[in-house]
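Letter by letter, the chains look like this.
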Amino acid sequence: MCLGRKKTSISWRIGVSETATVTTQDSGFAVRISDTLWRKPKLLLVLLLAPPVLWLGVVYLGSLFALLAQSFFSIDEYSGLIKYELTLKTYRELLIPANLDILVRTTTMAIVVTLAAAIVAFPIAYYAARYARGKWKAVFYLGVMLPLWSSYLVKIYAWKLILAKEGILNWLFDTLHLSWALEAFLSIPLIGGNSLSVSYTGTFLVFLYVWLPFMVLPMQAALERVPASYLEASADLGATPAQTFRNVLFPLALPGIVAGSIFTFSLTLGDYIIPQIIGSSRLFIGQAVYAHQGTAGNIPLAAAFTVVPVIVMAFYLWMAKRQGAFDAL
Amino acid sequence: MDNVDLQINEGEFFAMLGPSGSGKTTCLRLIAGFEKPSNGEIMIFGESAGEVPPYCRNVNTVFQDYALFPHLSVMDNVAYGLMIKKVAKPERLHAADEALDMVRLSGYGDRKPSQLSGGQRQRVALARALVNKPKVLLLDEPLGALDLKLREEMQEELKDLQRSLGITFVFVTHDQGEALSMADRVAVFNEGRIMQVGTPHDIYYRPVSRFIADFVGSSNVLPDGFLKKHMSRNGSASLRPEAIKLVAASDEGSHEATILSVSFLGSATRLGLSLDGLKLSALVDNIQPALAIGQNIHVSWSQEDLHFMEDRGV
Chain A
194 MCLGRKKTSI
204 SWRIGVSETA
214 TVTTQDSGFA
224 VRISDTLWRK
234 PKLLLVLLLA
244 PPVLWLGVVY
254 LGSLFALLAQ
264 SFFSIDEYSG
274 LIKYELTLKT
284 YRELLIPANL
294 DILVRTTTMA
304 IVVTLAAAIV
314 AFPIAYYAAR
324 YARGKWKAVF
334 YLGVMLPLWS
344 SYLVKIYAWK
354 LILAKEGILN
364 WLFDTLHLSW
374 ALEAFLSIPL
384 IGGNSLSVSY
394 TGTFLVFLYV
404 WLPFMVLPMQ
414 AALERVPASY
424 LEASADLGAT
434 PAQTFRNVLF
444 PLALPGIVAG
454 SIFTFSLTLG
464 DYIIPQIIGS
474 SRLFIGQAVY
484 AHQGTAGNIP
494 LAAAFTVVPV
504 IVMAFYLWMA
514 KRQGAFDAL
Chain B
9 MDNVDLQINE
19 GEFFAMLGPS
29 GSGKTTCLRL
39 IAGFEKPSNG
49 EIMIFGESAG
59 EVPPYCRNVN
69 TVFQDYALFP
79 HLSVMDNVAY
89 GLMIKKVAKP
99 ERLHAADEAL
109 DMVRLSGYGD
119 RKPSQLSGGQ
129 RQRVALARAL
139 VNKPKVLLLD
149 EPLGALDLKL
159 REEMQEELKD
169 LQRSLGITFV
179 FVTHDQGEAL
189 SMADRVAVFN
199 EGRIMQVGTP
209 HDIYYRPVSR
219 FIADFVGSSN
229 VLPDGFLKKH
239 MSRNGSASLR
249 PEAIKLVAAS
259 DEGSHEATIL
269 SVSFLGSATR
279 LGLSLDGLKL
289 SALVDNIQPA
299 LAIGQNIHVS
309 WSQEDLHFME
319 DRGV
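Residue numbers (my numbering), protein chains in the order written: chain A, 194 to 522; chain B, 9 to 322.
So that you can see chain B by itself, here it is in the shape it has in the complex:
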């Protein structure tokens, strides 16, 4: 990791987004204390934390594989942190009960983790971390192992939980949809560097580089040559697939394109287009006259939908 300068505010839902191997998990592990920075500094609530071992930090982690202790019951798993802090047994069982209640798993305390489903384990991991009342909760791809329906449910639940508890959530994910829908702010990682930090809206509509435009929502990138030829200006621009409209041939400023592929997505149809040798992806409504591969159509987009970027490559 290199040149990562990040400030996370108290009480915010912060997402670290990036492809695998981009350094987002390493960044999370640095905050948790599982890795030591070779140089640079980590401050947690104003205190330098570089040399502080994980068991002395007021942060808790929800692991990607949940890391529930298989030899302990659900209740003992949740009460583990309090047991370590030598909280008296009745008190810690009471607190664990409340935490299980919060994640809607009351009554599951006597089971072993192996007797729970993936979604339930995930909630136990959440309760086990939250029962310690951490200042920061770190979540390492916590929804990665769940199926789509459960994942959407858990996204809602996590957001509600964060809002009601008011503690800082730092969330690592490679799923851009998840990051955009859940976070207050997003940092996009690539190759050990932070490419952009901003609100989901910023990152989606005003990507600073080609990588972000492509990674966050598979935007089309109009390269330098294309802009010169069609709009006589330099640089490159990103264009969202949903901004491309099908128009009649007579419309002014329309471009002729050939359909390369048609995929029906349910709520919309994705078209692969070839425009003057440039491959574009367009998301159009289903209510269109039948479109066939090889057919020539006309497309256009409004100037506001083009976002020009200083191309930082990658």
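Next up, chain A with everything else stripped away, as it sits in the complex:
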């Protein structure tokens, strides 16, 4: 109950001659709630935190542990039914050469996509943080975010058309009389193929395009926090621009780069649509999970496959922390 909120009217004198009178209503239900919450801040905290804790704790972490548990069960080869007893049989199955290939392929792709995204994103993020002001900053955000507004599937099919043998990229190389260069590139084993749209290079390009905003934005946020005076101070102390980059800019941008790489890395590890539509039809982890939990009905193996990205990410974060990536936070 606030002072002066009682049904009585209060008057006070202003200056010498004027008298002001204020009459207020009795406090309503909403006011009583805010009064209670103000007196008991812990209650407010509990009320605010309950939904996210329930969501993250029970729904998300709960299903994650259910998944982890599934991976320690196994499937009966004859009946196709799940045997609910703890065993490492499924993990042994995960490590047969065919499955190991899938793990190595996916992780390598995630590493290459992340490195390329970091290299492509840095100049964009640096420009946005250091030079873009006002209208140009808006243009930057729009340019980076705009691709996120359209459907993921539409973008991937658009890329399939761009990269296809009859696509615009081939036409461009043709027109510039550079077809021989593209042919030469496609004839390189592993990264080449019949056309870009059925090669690892195609998969890589689409991954890079789709996840790039997730690298640019955290990087830009980190660079934004580096005042120009740090770079000037470094130059003032005799450092060339390259030395300033190595000794000041890069270490200070590293938390942002790591944050961005967590996105690009884990999103690539888990995606099952891009490699299915664009690429050499060899499986990635996501596709393997999809196949095993669906038609094959091998939930334990699907679960074991899902555990791999979790372990890879945990290892990556542990390494990043050990290397001091978060020291500048």
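Because the hints were derived from the structure by calculation, they are not lab data.
Check before you lean on any hint, since a few could be wrong.
What the hints assert, rightly or not - Looking from chain B toward chain A, a few residues come up when the C-beta cut is under 8 Å (computed):
1. Phe77
2. Lys93
3. Ala96
All C-beta atoms in this analysis are idealised placements derived from N, C-alpha and C, irrespective of residue type, glycine included.
Following the hints, put chain B in place on chain A, whose structure we already have.
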């Protein structure tokens, strides 16, 4: 900036004084090499420096925000310039140790800049610049972020340091007291131009323009009309607040004035006076009979205290 012609001598403590936006910081940044002159020339020890990037100049800067690298320890910050010059590790750590000792921060080498107070950070910035043994040290409002007591201490320290090292200090400040107390010579900036260059004494007692008289120590300016009426001469003159004396009504040459305001400053009392419609500020001793707003008093000043100036306006 326009028409800035400045010669700074070797080994002197030079201050650039002016209100914000007057071009003093730009001038410092030109010397450091962070800005390029669109025309005109900068010579550092006889060498033209207009197109020389900052990392090739033998000058170092203490930044207004100190610009200490947050990811490096105090020691690594101080040794940064030597690390860049590829000085061997033991040598550069030794030199950094000495520099930290010089600014009385030995033993703080392992800390991060975020663990230091404002005054300590300022001294680290100083050590980081001085460890490179620059020919010129540029200081951009280095004391601006410190509280009064610390600022006075640092003023003394900077002066001692400059005297013992014998290198040229170029100091940018908007605080006229700081400029007058520390510098051998002062350049007063306004609106991108240099208004006056001279010793602190010159600038305080012989300001060349109304702006300087007002900006450096809030002098009273007696305008043309006033001088004509009371002294029958042209031009304008500056009169220091402390030169105005309270006198008895019978004194010859005294003027009657009305007290508009009284502020007790501790060591003295500042009076706002109205003299024949002209507003004056006077600094008088505290041992005065009680003065009240609205009271009429008599004031006078000696002719020597009046400094006549060719009024260059502004």
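Hint check:
1. Phe77: holds, 6 Å
2. Lys93: This interface hint holds because 6 Å falls under the 8 Å limit.
3. Ala96: violated, 16 Å
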